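K.L.:
Listed below, chain by chain, are the residues.
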Amino acid sequence: MTDFSALIPSLVNESVEFIIVGGAAATAHGSARLTEDLDIVYRRTKKNIARLVQTLAPHHPYLRGAPPGLPFAWDESTVLRGLNFTLTTSLGAIDLLGEIAGGGNYENLLPDTERIQLFGVKCLCLNLERLIQTKRAAGRPKDFETIAELETILEQRRRSQ
Amino acid sequence: MENHSSIMLEPDPVIELYKRHIDLTLILENLRLTVEERFVKLMRLQQFAEELRRAGQQMEARQ
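The listed protein sequences correspond, in order, to chains A and B. For the first sequence, position 100 matches number 100 in this note's numbering, and the numbering has no gaps at all. For the second sequence, position 58 matches number 58 in this note's numbering, and the numbering has no gaps at all.
Heads up, none of these hints are tricks.
A short list of chain A residues far from chain B (calculated; beta carbon distances all over 10 Å):
(1) Lys46
(2) Thr55
(3) Gly69
(4) Asp75
(5) Arg140
If you want a taste of the chain A side facing chain B, the calculated C-beta under 10 Å gives, among others:
(6) Met1
(7) Arg136
(8) Glu155
(9) Gln156
(10) Ser160
Just so you know, the hints here were simulated from the structure itself, not pulled from any lab data. Computed from a predicted structure; not experimentally measured. Positions of the beta carbon are idealized from the N, C-alpha and C atoms, including for glycine.
Given these sequences and hints, build the entire structure.
P.N.:
Set out below in C-alpha cells:
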C-alpha cells in the first residue's frame, strides 16, 4: 500500500516543489479507480532535487521492479542524470517525473494546478481539465476508461455550478 | 477543489462510447467526500486489493 498520508506531508514539509498528477490526481478530483502509486512532477532545479533526495532517502528508494542488489545510488547526481524514476520506498510506490507527455515539465504545468488540502498540508494538484488533456495526449488505450470517468466528473462539476 | 480552466476539450467519439459504462453512482459518492477522505478511501481499497492478491496466491499454492 502507498501511504499517501505520510508521503505527501513529508514532501511538503521538506519544501519539495511538486505537482500531483496521474492516478492520484484523478483520486483527488473524485475518481473511483484504484491507483497503486503516487505520481508527481518535480521541479528540476538543483535545490529542489537536493530536497527531494533528502526527503526520500530515509525511506530507502529503489527502482521498482528491478532485481535486488543493483548498484543504484539514490543521490542528487542520479536524479540530475535521469528524468523519470519509478521507485519503491518504505512508504509505497512513487513515480518521480521530470516531465509528462502532453504536459511538459513543472513550470509548464504550474499554471494549470490547484492547491488542495489533505493530511494537514497544502500541495499542488494538476487541475481536472489539464489532467484529461495529458491523458488524452498520452493516447494509451488503457487510459480510455479513466478519461471517460474524468470527463464525467467534469460534466458533473459543471452541472452543479 | 474547483477552479476555472481555460482549456477547451472537444468531445472524442471513442471516449463518448466509454462513458456509457461509467458507474455514476461511484463518482457521485466520491464527489460528496473531501479530498482527504478520497485518499483514505483509496488506501483502504489498496489494502483490500493486496489482501485479495495474497488470498489468490495462497489458493494457487494449495492447488
